[in-house]
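Protein sequence lines correspond, in order, to chains A and B.
So in the working numbering, spot 210 of the first sequence is number 210, and the numbers just go up one at a time.
So in the working numbering, spot 269 of the second sequence is number 269, and the numbers just go up one at a time.
These are computed hints drawn from the structure, not numbers from a lab.
Check before you lean on any hint, since a few could be wrong.
[To be verified] Quick list of in silico lysine to aspartate or glutamate cross-link-like pairs, DMTMM-like style, CA-CA up to 25 Å:
{"#": "1", "chain 1": "B", "residue 1": "Lys245", "chain 2": "A", "residue 2": "Glu265"}
{"#": "2", "chain 1": "B", "residue 1": "Lys95", "chain 2": "A", "residue 2": "Asp80"}
{"#": "3", "chain 1": "B", "residue 1": "Lys225", "chain 2": "A", "residue 2": "Glu390"}
{"#": "4", "chain 1": "B", "residue 1": "Lys95", "chain 2": "A", "residue 2": "Glu390"}
{"#": "5", "chain 1": "B", "residue 1": "Lys95", "chain 2": "A", "residue 2": "Glu29"}
{"#": "6", "chain 1": "B", "residue 1": "Lys235", "chain 2": "A", "residue 2": "Glu262"}
{"#": "7", "chain 1": "A", "residue 1": "Lys75", "chain 2": "B", "residue 2": "Glu278"}
{"#": "8", "chain 1": "B", "residue 1": "Lys235", "chain 2": "A", "residue 2": "Asp223"}
{"#": "9", "chain 1": "B", "residue 1": "Lys95", "chain 2": "A", "residue 2": "Asp82"}
{"#": "10", "chain 1": "B", "residue 1": "Lys292", "chain 2": "A", "residue 2": "Asp82"}
{"#": "11", "chain 1": "B", "residue 1": "Lys225", "chain 2": "A", "residue 2": "Asp385"}
{"#": "12", "chain 1": "B", "residue 1": "Lys245", "chain 2": "A", "residue 2": "Glu262"}
{"#": "13", "chain 1": "B", "residue 1": "Lys225", "chain 2": "A", "residue 2": "Asp82"}
{"#": "14", "chain 1": "B", "residue 1": "Lys292", "chain 2": "A", "residue 2": "Glu390"}
{"#": "15", "chain 1": "A", "residue 1": "Lys75", "chain 2": "B", "residue 2": "Glu87"}
{"#": "16", "chain 1": "B", "residue 1": "Lys239", "chain 2": "A", "residue 2": "Asp223"}
{"#": "17", "chain 1": "B", "residue 1": "Lys245", "chain 2": "A", "residue 2": "Asp223"}
{"#": "18", "chain 1": "B", "residue 1": "Lys225", "chain 2": "A", "residue 2": "Asp80"}
{"#": "19", "chain 1": "B", "residue 1": "Lys345", "chain 2": "B", "residue 2": "Glu395"}
{"#": "20", "chain 1": "B", "residue 1": "Lys299", "chain 2": "B", "residue 2": "Glu398"}
{"#": "21", "chain 1": "B", "residue 1": "Lys239", "chain 2": "A", "residue 2": "Glu266"}
{"#": "22", "chain 1": "B", "residue 1": "Lys292", "chain 2": "A", "residue 2": "Asp80"}
{"#": "23", "chain 1": "B", "residue 1": "Lys239", "chain 2": "A", "residue 2": "Glu265"}
{"#": "24", "chain 1": "B", "residue 1": "Lys225", "chain 2": "A", "residue 2": "Asp223"}
{"#": "25", "chain 1": "B", "residue 1": "Lys235", "chain 2": "A", "residue 2": "Glu266"}
{"#": "26", "chain 1": "B", "residue 1": "Lys239", "chain 2": "A", "residue 2": "Glu262"}
{"#": "27", "chain 1": "A", "residue 1": "Lys75", "chain 2": "B", "residue 2": "Glu89"}
{"#": "28", "chain 1": "B", "residue 1": "Lys245", "chain 2": "A", "residue 2": "Glu266"}
Everything numeric in this text was worked out from a predicted model, so none of it was measured.
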Amino acid sequence: MRTLRILMLAGACAVAASGAAVALEVDPEVLPEINIGGRGVVTANYRDRDLASGGNDNGGELDVADSSLLLGFSKFLFNDVDYGFATIGFKAPDDDTDLGDDIFLHELHVGIGARVSELLLGRTRLTNTLIQFPTVRDDDLLDFTHVANASSNAEAEEDTIYGTLLKGSYYLPRHRVALAGAVTARTETDATNLANVGRVSRGNPNGISLSIAYDVPETIKFDRGLRFAGLTWDAQRAETFSGIGKDTVHSWIGALSYNLGENPEESWMLDVQGIYTAGGTVPSLAQNIFRARADSYAVVGSLRYVHRPYLQTRWQAALTAAYKDFTDFDNAHSIALIPSFTWRAGSGVDLVAQYRFIDNGRGLASAVNRDTEHVVLFGARFGFDFTLNETVGQRGSILNLEHNMLDIGPVRVGD
Amino acid sequence: MTESRKRGAGATRRGFLKGAVAAAGGAAVVAGASAAASAAAPYKGGTGSMMFIPGHTMIGAHTNSPGAPPDDEVEYREFDLTFELLEHELIPRVKFPVFAFNGQVPGPVFRVQENDWIKVNATNKTEAMHTIHWHGVDLIYTMDGVPMVTQDPIHPDETFTYRFQARPAGTRFYHCHWSTPLHMMSALHGAFIIDSPDDPVRAMFPYTRDYVLMLESFDTVFTRKQMNALLGGMKRVNKLMAMGKLDPATHGFFRDYDEMLAAIENGWRPPYAMGNSEALVPDPNFFAINGKCYPATEKIGIVRDEFIRIRLINGGFLVHHMHLHGHQFWHVAEDGNPIPQPLRKNTIEVGPGKTQDIVVYGDNPGFWTFHDHDVRRVMNNGVYPGGMLTMLVYEDMENPPYVPSIAINE
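Using the sequences and the hints given, assemble the complete structure.
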């Protein structure tokens, strides 16, 4: 009997191993192009928060959040021009997240691409921001830079940044214009069901978005002038939650990226983004969903200087300021200021430093129990991007799927 | 297959040969000759180069480099060559971007007589930089086509006129010498045949036809990637350099070695350093003869009792061992120079930069494979047979008992 089991197991293994070369099958298994990308982000943080209820919360920590690994696969279709692709990505969530897992599957999508168009289906970044700002982590200014998720009450940046999409992109390269449209399925959670949040793999379509952008190619971004201008309309259908009824939340995002200087070796960049959200009536700002559905506007601006003699980046200094106001509530505003510095130590190896100051107006401070906040951090980032069996050719670095600090600016509408 | 009898000078492509005219070039951007005072005095690096002059622009420029006789002293045979970007088909369903002379792969075959004075107007219609090196031709050094050694690279929309005397006789070739690994692999090469009435090979073997076989290896992925990167950024970098906004070191240009050392001291990161190199090394996946892979290669024709001459030119950087079935041919010339006592062979090595001439005598009617015996080069993207393979075909067989068909995936 034991022998029979071994033979059956061996037979099963043989069948599995022969999948790539089935007898009488002329079509071979084509090896995919494989992109491996990732980054490690490790910082030493010190925070000092004044709580609205009185008292103080301070302390230090070593933080590895936002470190990630990305695997991309692509193959030509039978016409040898168009291609199919798939991406899987893992990242380490923040400690204060409500996600139950140590690893979050933030990218898992498949798609088909052609020379000027792409169709993507699966989990990836939502189309709820247009500009990357020079902060160490993508959630350092999340409340200001992204349209919030009106269907999740969890304390999880992942629910705001990522979702399941059916997205189509079309490029007009001669006009430097990119168009994108998406049906979005944002993660739906409530405050009583957080135990399952980390394992959500399905999403109900609950929104749509349309984007248009004028986007100068990377290669000429160091010419003086407008590099990027984008506009996105984002609509979310939100279900009944804690006493507030179904609602549709509309957000408009506008962004500009401008090169102020004429010296490509000493670049001055100005990035500005505004978000206006027209939501519904909410009883307070005390819960995440309430704030996501409330009427608000947010403006973020960043001035960056990049020192790059011989077009080789050495360092970047940036100052980012942000303001947000919940217009239906008195003194419910927030101000943020983030100076940051990046020293390029090697290809993809950066030393970073950042100070973050946030001051909430009295109306908002009492709702979130946070008056002012100071966070100082020092650390390093290590990013890499490698391609095996390059056949299709990269559409761009797979690291473009991640938040970056150097050579940043627009979140490509087509990405 | 290129049959040189059909593709002699003036009969190849419309506009290629303009005729033996001695017209002066247009508005000349004449770089001064190196002013070496004596052999003992050191030369000042970068003399004559526009690359170190801020504000220079070569758009529409017509550069006549010094050193050759003026038009009124000798009678030039004048040719026009262009650098063009196109998509070339190696075999059905396999296309890749190439730079090509006069829009063809390989470039047109020059057919000139020994000691002819040659004038070639090379116009750059791409956004990359180029030069032309006349491989195996003994010419004036300012016409040798080595960028930053004998001339500045030919900029986009610039015309550079090469003038030289065609010598010595034999099988020579020409290729771009800028970004050589990419540009040779992306098809910027062609045959330059210098004939002589005193050809010792013809005296020994009265051949009636000769053929030029340019042996090529292409890494289509490397080429496409490099081409995209180059086309994406080169035009902008050139413009910024012309505007004086970038140091020549950005392109890796230095007047001399000391200046390069000083740039490194100043923080410039050499592109070859371990921490700064992409380490892209081409690994060819397609192998071609005259721009085509088997079964798209052209066949070589012969009839009984005929001598034919085959000129093999290695336009790539791999070593090829060309084997002819059913015949012992004569190896009659190497690097274009006649071999006094030809050797009988059936396989001949053609290394990078080499030309080998062989003569075949039609004494064994049939269909005979002629191919690189390194079977890795007789593949199309790893599928055998393909690549560097063609066939010697007797044209005067009446009823051959077996006629070849095609198998491309054995």
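Do the hints match the structure? See the list:
1. Lys245(B) to Glu265(A): holds, 8 Å
2. Lys95(B) to Asp80(A): holds, 9 Å
3. Lys225(B) to Glu390(A): The given pair, whose Cα atoms are some 9 Å apart, holds under the 25 Å limit.
4. Lys95(B) to Glu390(A): Holds - the C-alpha atoms of glutamate 390(A) and lysine 95(B) are around 16 Å apart, at most 25 Å.
5. Lys95(B) to Glu29(A): holds, 22 Å
6. Lys235(B) to Glu262(A): Roughly 17 Å separates the two Cα atoms, so the pair holds.
7. Lys75(A) to Glu278(B): holds, 23 Å
8. Lys235(B) to Asp223(A): Roughly 13 Å between the alpha carbons, so the hint for lysine 235(B) and aspartate 223(A) holds.
9. Lys95(B) to Asp82(A): Satisfied, since the Cα-Cα distance of roughly 14 Å is no more than 25 Å.
10. Lys292(B) to Asp82(A): Holds, because 24 Å separates the two Cα atoms, which is no more than 25 Å.
11. Lys225(B) to Asp385(A): Within the cut-off at roughly 15 Å; holds.
12. Lys245(B) to Glu262(A): With Cα atoms ~8 Å apart, lysine 245(B) and glutamate 262(A) stay inside 25 Å; holds.
13. Lys225(B) to Asp82(A): holds, 16 Å
14. Lys292(B) to Glu390(A): Answer holds: lysine 292(B) to glutamate 390(A) is near 23 Å, not above 25 Å.
15. Lys75(A) to Glu87(B): The given pair, whose Cα atoms are some 21 Å apart, holds under the 25 Å limit.
16. Lys239(B) to Asp223(A): holds, 11 Å
17. Lys245(B) to Asp223(A): holds, 11 Å
18. Lys225(B) to Asp80(A): holds, 16 Å
19. Lys345(B) to Glu395(B): The given pair, whose Cα atoms are some 23 Å apart, holds under the 25 Å limit.
20. Lys299(B) to Glu398(B): This hinted pair holds, its Cα atoms lying about 18 Å apart.
21. Lys239(B) to Glu266(A): holds, 17 Å
22. Lys292(B) to Asp80(A): Distance of about 18 Å is within 25 Å: holds.
23. Lys239(B) to Glu265(A): Holds, at about 14 Å.
24. Lys225(B) to Asp223(A): Holds - the C-alpha atoms of aspartate 223(A) and lysine 225(B) are around 24 Å apart, at most 25 Å.
25. Lys235(B) to Glu266(A): Holds. Lysine 235(B) to glutamate 266(A) sits at ~20 Å (cutoff 25 Å).
26. Lys239(B) to Glu262(A): Since the Cα atoms of lysine 239(B) and glutamate 262(A) sit roughly 13 Å apart, the hinted pair holds (cutoff 25 Å).
27. Lys75(A) to Glu89(B): Roughly 20 Å separates the two Cα atoms, so the pair holds.
28. Lys245(B) to Glu266(A): holds, 10 Å
Going down the numbered hints, you'll see the structure goes against none, and every one checks out.
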